[in-house]
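Q: If you want the building blocks of each chain, they are given just below.
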Amino acid sequence: MLSYALKRILISVPVIFGILLVTFSLSRLIPGDPCKAMLGEKATEATCQAFNHAQGYDQPIPLQFAFYVGKILQGDFGTSVRFSRPVTQIIIERLPLTAELALLALIVATITGVGLGILAARRHNSSVDIGTMILANTGISMPVFWLGLMLAYVFGVWARGTPFWLPPSGRLSAGVVSVPFYQAWGWQLSGGWAQVATFFSNFYIFNALVTGNWPVFWDALRHMILPVLTLSTIPMSVIARMTRSSLLDVLGRDYVRTARAKGVPDSRLVRRHALGNALLPVITILGLQMGALLGGAVLTETVFGLSGVGRMLVDAIFSRDFPVVQAFTVLIAVIYVVINLIVDLSYSYLDPRIRPQ
Amino acid sequence: MSSPLLQVSDLDIAFTSPEGPLRAVQGFSLDLARAETVCIVGESGCGKSITSLAMMGLLPKAGRVTGGSVRFDGTDLLGLSPRTLSGLRGNRISMIFQDPSSALNPVHTVGRQIAEVFMLHQGLARRAAEAAAVEVLAAVGIPDPKRRMKAWPHELSGGMAQRVMIAMALACRPEVLIADEPTTALDVTIQAQILDLMRDLQKETGTAILLITHDLGVVAEMADRVAVMYAGQVVETAEVGALFRSPRHPYTRALMRSVPVIGRRTAQLEVIEGRVPPLERRPPGCLFHPRCSAYREVRDPRCTTEAPPLSSTAGSSCRCWLVDPEDLRGPEDLRGKETTA
Amino acid sequence: MTKMKTAVAAAEANITAETLMGPAVPMWKRTWQRLLRKRSGQVGLFIIGFMVVIALAAPILAPYDPDQVLIGVEHVKRREAPCIHLLGCEASKPQHIMGTDENVRDVYSRILYGARISLMIGIVTVSVSLIFGVLIGAVAGFFGGWTDTILMRFMDVILGFPSLLLAIAIVAVLGPGIQNALLAVSIVSLPAYARVTRASVLSVKTLDFVAASQLLGASRWRILFRRVLPNALTPIVVLATLGIATSILDAAGLSFLGLGAQPPMAEWGTMLGSAKDQIFSAPHLVFFPGIAIMLTVLGFNLLGDGLRDALDTRLN
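These protein sequence lines are chains A, B and C, in that order. Numbering-wise, the numbering used here puts 603 at position 336 of the first sequence, and it's gapless, one number per residue. Numbering-wise, the numbering used here puts 748 at position 339 of the second sequence, and it's gapless, one number per residue. Numbering-wise, the numbering used here puts 452 at position 285 of the third sequence, and it's gapless, one number per residue.
The set of hints was computed from the structure by calculation and includes no laboratory data. Virtual Cβ for every residue (Gly too), placed ideally from N, Cα, C. Among the hints, a few may not be true.
With the Cβ distance kept under 10 Å, some of the chain A side facing chain B (calculated, not the full set) [said to hold, decoys possible]:
id	residue
1	R389
2	H391
3	R520
4	T525
5	P532
6	L547
7	I550
8	D618
Non-contacting residues of chain A with respect to chain B, defined by C-beta distances greater than 10 Å in every case (computed) [said to hold, decoys possible]:
id	residue
9	L273
10	T311
11	D343
12	S351
13	I378
14	D396
15	M417
16	G442
17	S457
18	F466
19	A528
20	N544
21	I606
Only chain A is shown next, with the shape it has when bound in the complex (with noise of 0.2 Å):
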């Protein structure tokens, strides 16, 4: 087990590096002056000069390389031009929107998809799995974005005054204030710790969860429905169509022949003898999936008002952020690897067939 994972965390390696190389040689392929460029037409020989030097543009190309690659592994991706801030300290403050937003779309449309397909599989050719094909279908053809300014009429407009009223943009309610735990618990926190923990302070809903502090956690979580039923749109239908192709397949087999040949009721059949197999295909694709809840976060912060990373992204490619761009294009890429690696191991660990002893 040790050693496949090491082997198969080292195939990432080459991988994640590749993904720095590109992302450094975009950053390169910009026209023109790297100093124009980013600082706008007016910036003047002295300053780009002294720009330049401060970015080490003036070094050889391999050496800015090493140089770009060096400085991110101590988790330093550069200043931001636009806010002059660097680049580490606004993934602190966005990342966990994103995060927050993008697990709570996989988890809601993991438990939906595969809900769904089983019960398509289970009814084959009923009107219930016809109906839940056509809603598939149409969730794989939806444009994510649509679908979210479609949400947030129909809630946030038609509902107004009824109960079913969500808010359709932002994440907290004005006049609604998350306190960070540490601030909560009273901690003293410097440095590195403090970094670490506004981090984690950044997931709202987390946050008012230890906290114990109901108000915030619920009006964290209404502003979240919309964006996370948008985001969650696309995976669901893919994972249920998968589930439901599978679970088909599955219950064609041999073994699940036996199954029933040795007494097995068909409540237990399904459950017992044939969910395992199908969902190991399942799994297989619930990582490239997260690649389009990353790749959709972007759409759906930008229709809900969310200033993630997403979001973020897009604003800092109109106002020539460059640093930005290329540090959040890295972040989103890596951890995009990072889970594929993860959903690797897990399956390898859960299918015996390939489990290595």
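Assemble chains B and C onto chain A, guided by the hints.
A: Just chains B and C, lined up with the frame of chain A:
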């Protein structure tokens, strides 16, 4: 034999297809007494496996029993609720299958799959069920059963996997064991071991075995009585000795001539020309006549127009226009041929 | 996009010598008949046919020029709600069945013309990624060794990014615009074709008939194009059809963010993007372009599913 343990009468099985229902098995009847072994023999595609699955209520979705009954110890299995039926399956009637490596659940350990039978039918707790499972594993001749309990199906050889299947099937000492081509997927030496094991366990438990096979060698070794199937129908039944001594139906005779016999040199092994006709293209009259050598010689018009009935005499039956029901041997013209062969 | 990735993985696993031993060119006629028998194939073909007709006949069907600003031409206001005479809209007001947009243009005409752009986007991006993807995969699989390692590692890196994110990053560098967006979407969907092609090339390479061709003195490139590639065609046809769907969706996403097609182009994603802040006051500006995108994407997804069943390539 007053009342047989398992009595199948006039079983009809149909498959739904885009072109309408297809009759896969027609008027299948068979009796099985306690501690007896009956073989169903025939080429692939003749409906043997489908018949055995139908008896257990395990037909695939497209298949349906359209008539007849399967009486087990007095009750018709086809009329039972799914719940009652699953109480019987694996408990009083068991089944093992052709390909043991795909018949075991790949994500459960061997021990867990056997123990489940005890938990389902004898209400044992996990611990007790696992202890019982170790015992049956030992009984089917698996070395080091305690360690094997934790093995995964993919770690077992075909022979070992089939032993596990047998252990699972015989765990509750069932009255009937239906074995669908249990040795087909195995090496020849392993085949013999598995058959020996089945016979030994039968002696011990008194289980009646319904053995489905296409291998006449297996029939000779195991059967008390034999039913020969062709294209969804029983064409001949007989006590095993009688069948091998004097096969009556032209199909049975053709089957026998297609198998080499140790110790006897035959000029040439015969091949039955053609194949079992597919479901949607069953010929009129006797289903076997397009391939029948007896028909080719006699050209009896009934063979192509009317389906022959299964006419029985003491302990045996045959479905052929050309066989005299009173004559225990086959048609005249074929008898001469055999001596010259 | 992720749907395609899953499909690729399954296709790679499924390409065995056995599936490739069949006739070099699948029986297209039988495939067509099977496709027409499947519900997904029927619906998919119908939707795509409908969209193609709209795209071709847009000048005839559209009541207005899609870019014409109607201020001073008619008595309409900006972002006016749909007015359909049949449904009781006053006859004195000019009919705009999908309303007007922020520049007082007829939304219905813009939607019709948008079909041209979306279909063009789908076909162009898939063609570009198909040509380069197949070429890369074929070269990697056929020549093996270092060529293979370098090319496929590079494909792995592209697959290492969430596809929309990489497309965004590429556009960020090249600058917003429809051409750059198309290029970006083409690049991110390239590895799918490369991997499937490589997998089939690898399995065909070992087959006897390829060895026989070599013995007969056929050149490597000739073997590649005449014998090997036709065998990889089946999964690629399915992938390409699903690929059109994801490309249209990804390109619309880029346009929505303002990174793809730029106003005043009548592109559905762009129309959505410029209307997103008016969702509460003028929901019709959001509703119709979204439906149009969804319908087109659904058409290609269903056709892809139907083709997969008809061609019997198990891609999931």
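Q: Would you mind marking each hint as holding or not holding in the structure?
A: Here is how each hint holds up against the structure:
no.	hint	result
1	R389	violated (12 Å)
2	H391	holds (8 Å)
3	R520	holds (7 Å)
4	T525	holds (5 Å)
5	P532	holds (5 Å)
6	L547	holds (8 Å)
7	I550	violated (12 Å)
8	D618	holds (7 Å)
9	L273	holds (23 Å)
10	T311	holds (68 Å)
11	D343	holds (46 Å)
12	S351	holds (56 Å)
13	I378	holds (21 Å)
14	D396	holds (13 Å)
15	M417	holds (39 Å)
16	G442	holds (52 Å)
17	S457	holds (50 Å)
18	F466	holds (38 Å)
19	A528	violated (4 Å)
20	N544	violated (6 Å)
21	I606	holds (24 Å)
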